[in-house]
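A.B. asks: Sequence:
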Amino acid sequence: MKIAIPYENGMVFQHFGHTAEFKFYEVENGQVTASEVVSTNGQGHGALVGFLAQHNANVVFCGGIGPGAQNALAQAGIQLFGGISGPADAAVADYLAGKLRFDPNAHCDHHDHGEDHHCGEHHCGGHSCGQ
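Each residue of the sequence shown is one higher than the one before, counting from 1 in the UniProt record's numbering.
Not one of these hints is a red herring.
Per label pair, the in silico range of CB-to-CB distance:
hint, residue 1, residue 2, range
1, 43, 97, 28 to 36 angstroms
2, 99, 29, 17 to 25 angstroms
3, 99, 46, 27 to 35 angstroms
4, 89, 39, 17 to 25 angstroms
5, 105, 75, 13 to 21 angstroms
6, 79, 43, 18 to 26 angstroms
7, 90, 39, 16 to 24 angstroms
8, 105, 34, 30 to 38 angstroms
Here are the simulated DMTMM-like pairs of lysine to aspartate or glutamate, each with C-alpha atoms no more than 25 angstroms apart in a straight line:
hint, residue 1, residue 2
9, 2, 26
10, 99, 8
11, 2, 28
12, 2, 89
13, 99, 89
14, 2, 103
15, 2, 94
16, 2, 36
17, 99, 28
18, 2, 21
19, 99, 36
20, 99, 26
Keep in mind that the hints were calculated from the coordinates and are not lab data.
Ideal placement from N, C-alpha and C gives every residue a C-beta, glycine not left out.
Throw the hints in and build the complete structure from the sequences for me.
C.D. replies: Listed below in structure tokens is the structure:
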């Protein structure tokens with residue numbers, strides 16, 4: 001399995017379509033066997049799903065993501081876990097331990113943002129959503 005996370009300074013970058021880098025994690029038998037940070041080379045919204053497919057990503061963890069990107073990921077067969085914030089490595093460790101907290105309805109529609117809106121800051125109370 002290969003997990004991809006929009007990445008900045010060790011953290012899950014909160015705007016999927018604006019990320020400059022992804023951190024990829026190779027996972028075998030429930031353990032991370034390798035990881036690398038790869039630049040998107042300025043590719044934006046439309047090209048990122050193709051970028052992830054080229055890098056053989058199976059799963060994406062992110063904060064906020066628009067409906068177009070969600071649909072494109074689904075069409076590419078890439079599983080999405082949205083609404084995630086904090087350190088990227090911790091998100092992967094939580095996922096592998098079966099305790100990742102995510103929001104299956106997390107999205108970011110930049111046309112509806114209020115000035116104080118922060119993408120990806122959606123939480124699922126005290127339980128692990130969907131698991």
